[in-house]
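S.K.: Whole structure, please, built from the sequences with the hints as guidance.
Heads up: the sequence shown is residues 129 to 1119, going by the numbering used here.
Quick caveat, the hints were computed from the structure, so don't treat them as lab data. Possibly wrong hints are sitting among the right ones.
In silico lysine-lysine, DSS-like type, Cα no more than 30 Å apart, as pairs [claimed, not checked]: (1) 417 - 428; (2) 636 - 612; (3) 573 - 550; (4) 636 - 417; (5) 404 - 417; (6) 573 - 636; (7) 575 - 612; (8) 573 - 612; (9) 550 - 612; (10) 550 - 428; (11) 636 - 550; (12) 417 - 550; (13) 636 - 575; (14) 550 - 575; (15) 612 - 417; (16) 428 - 404; (17) 417 - 575.
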Amino acid sequence: MHEDSILIGPRIENAGPDSLYPSIAAQCRVRRDAVAISYGERRISYAQLDRQSGLIRDALLAAGLAPGQLVPVLTRGGPGMIAAMIGIWAAGGAFAPLAMDGPEARRDLALGRIDTGILVVDEAGDALDGWRCVPIAETLRATAPTVSIADAEPCHGGSLAYGFFTSGSTGVPKCCLNIHSGLANRAATMSRRFDLRPGEAVLQNSSHVFDSSLWQIFWPLSIGAEVAIPERFGILDFDATLDTIAARRVVMTDFVPSILEQLIQLLRNSREQLDKLASLRYILVGGEKLDPHLLRDLLKLLPAARIVNTYGPTEASIGMVFHAFSGGEAAVPLGLPIDNTALAVVDEQLRPVPRGQIGEIVIGGACMGLGYLGEPERTQAVFRRDTGLPLGSEVVYRTGDLGRVEADGLLYFDGRIDDQIKIAGVRIELGEIEHHLYDFPHVSKAKVLPVRSDDGTWLAGFYTAGAEVPPAELRAHLERKLGKSSVPALLRQLDAFPLTVSGKIDGKALIAAHCTFDPPAAGEGQAGQSGDMRQALQAALRRILPGQQPGPDDDLVLAGLDSLGALKLLLEAERLTGRRLALAAFLTAPTLATLLSHDAQAGDDADTARAIEHDIARLGRPASPRAAGTAPPSGTAIVLTGATGYVGRALLAALLRHGAGPIVCPVRAADDRAAATRLAALVPDLPAGRVTAVALDLCAPDASRRLPPAPRLVLHAAADVNFSKSYRQLHEPNVAVTAALGAYALAAGARFVYLSSIAAATGREVVPDGAPGRAEIEAMLAALRNGYSRTKWVSEQIVAGLRAHGLDAQVHRLGEMMPDALHPVANPLASFSILCRVAQLAGVAPELEDTSNCTPTGLVADWVVRRALADSGRAAGTARPTMLAHPTQLRVNDMLAAVLGKIPQVSLSRFLDTVGRHYADSQHPDLARCLMIFSSGGQPDEPTQRGFTPARAEPRPTAPATRDGEPGWTALTPHELDTMFGVFRSSVIAP
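M.R.: What follows is the structure, given as structure tokens:
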């Protein structure tokens, strides 16, 4: 036996308990007022952590949790998650963290492996059908008394502590199970090797779905230190990470090499950012093979910090091999086993190989886990008994990693036996990706290969199919199944695979043919003196998205750009120009044009001005205008567009209250039956015979052919409300449809009521004859910076033009529509609704001076309907739009407090950075909407984007006069306000 290939760590008798739970509970008792967890501006003391963990424990026991059961924790992370994990331990259970914002298909596969029936979620709104859910937020708000978690010791060393899901080659994630003593041994080793004192801070830099987060959380808490959680949206948010390290004087954290490389590039360019790391004493690095040059660069930047390479699979209690980097290594070793663990490098018969020879790394000792949840065959295949290896445990684990023990007595890494690799620190099974490629329709054969280049390792996916399979569709499929981190950067359909002489797929030939790209031309990669960066950025993009050539306006995220790639691209742009573009800002419009268009807005506005001038001239003057004063039609039907929308539903209810009818509602659906079903689902208890839903796309040619030929009234409340789209993108649904419906009403002699937006008030007023000149249009474009507001203003001009040709028209500009007694429903897509949800998600609200006019939707809808139904001679519209906004102005921050309760406030810029970072990771649509609400082309106080009124805006008309049946505005009473905010609390915000 070649014992020189066996490495045995120090044998240490740990004096402390064989579980971290008693140590954490003891700190909760003796360091009650000390900070246990910091999260942005929030501080959670050990006493608070004690109570919160106890509340979770009590809720779990009430839900029926039995000792030893595994509880999935579906979460976005944060302090509440930590309390939940400790609470699960306190109840005698074990936890399995899952990502709330991860792919649903992968989440469901993971949950399908756990049969506990109990699920911990962040809040009640995250609950899943079929589970007894314990919501963290609501549980922690309970006022019931609870006993300290220190009053019992439910955990022992051999009991199950946690499970983590990792990639599985069959496409189904596998859950690695670990026990308390393994985690306690890792923590005890760290306490002996690293000088962490009570009160000092450790950064939780790893996502909660990776087991490296465990030492960052539980080890500090076990010795009375602080867990500092950055308030950020992903590990690539270096600004928030460095700010947290500086603010909390963090002494220890870890990085995966690919992330560390980008951080070092940032630190080289910014002394200010480098200074924020002055408190760091220890930096742990692991998860990927390390470049010694990278670590030497880090040592030069942070000479006082100690850099430690770490190795070990999830199956072995986080990791069990350490090496302190000295700076002189030609290659970075994995190192030596930690206390009470051991390893061997073996051949296929599990015999130790001679020193210097490559073999499989096998580990054993106190780090050993229990295997895989519900997979005895897979467990037996790699957790081997009776091997005869002297590794300190009856069972040893075959890692599948290749390594060697060199003459210096240290372990070195040499790759994988199977198809498993790590990219950006994430363990990826190539077989799992191939499994989901085969799942896609028409794909007959698939192969995924790792490609190594100067910019790191990336994935290339190849496939053959019985029909054309667009890479974009395949990419979207893989993202849904696996998440962005596992989607190949290159997806390419082949006529046939190249084969080796033995008939196997020739991976080397595939890489040579499809993954080798021409180097940049001379000078490419550098910005010229003229500031032209196009070639330089395209060269960088070719390295980041191999094999793709996106155009300047192509969405790079859809092309496969992930957060790490976006960061690389932005750092390259910063290097070339000396200017920083926030990751969040870039990801709202992730195109090369965004990086290149410093002066593009002026050109875009010139093109838009010409298009608008043409639209108003063409659409505001129908070919066969109806003569003014013609008698109204004999028909009685009322056409209501937008009936499935927020305001449309209020208008429909008002029409029914006033006995109007019959009412015809165009609804986007496959057929009339589906249209009726959709409308009935949104507006229950529709009276039979009075409302007819018609399946109709208003953008379709000759859409009016499906509408009544002689309507009495056309109430137009439909629009595509999207602040991220341009005027051209919104032209058809918002401008062309309005013009077509106006012409339809004019031809029928019907009254036309157009519901516009108060956003249009920021532009120039309606020109009475409907023919604004270029000066008026350019003034509007300068004032209104988003496509939606521009379409509303142009539509008003078109209606004015049609009115000049005989249309009986009314135009009403609606304010910030809020629920009231007549319409007790919140608009989920309103600016305030979105802000509520995002503030709750982020845990902070922006400091705003903005106000809202809080216009009661039901009251306004009732007034609009009464005015629309009045005789034309008595209540015909005027040339100028009517402003329907309540004169009462409420501070948006006061409104947020009324809905969310006490919530920390941060500056608007910091809030937007926080939201942007969240969006970079999760791509959640609410986060994108929030960014667009506050994005206004360089005017951060623009009301037309935000949907709120800046405090310093010039006074504007807020309500029509209270005569002739118009709303009699009165101050909103406490009861009315309570009704309004109560609706938000019960519907917009999770209960």
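S.K.: For this structure, which hints from the list above don't hold up?
M.R.: none
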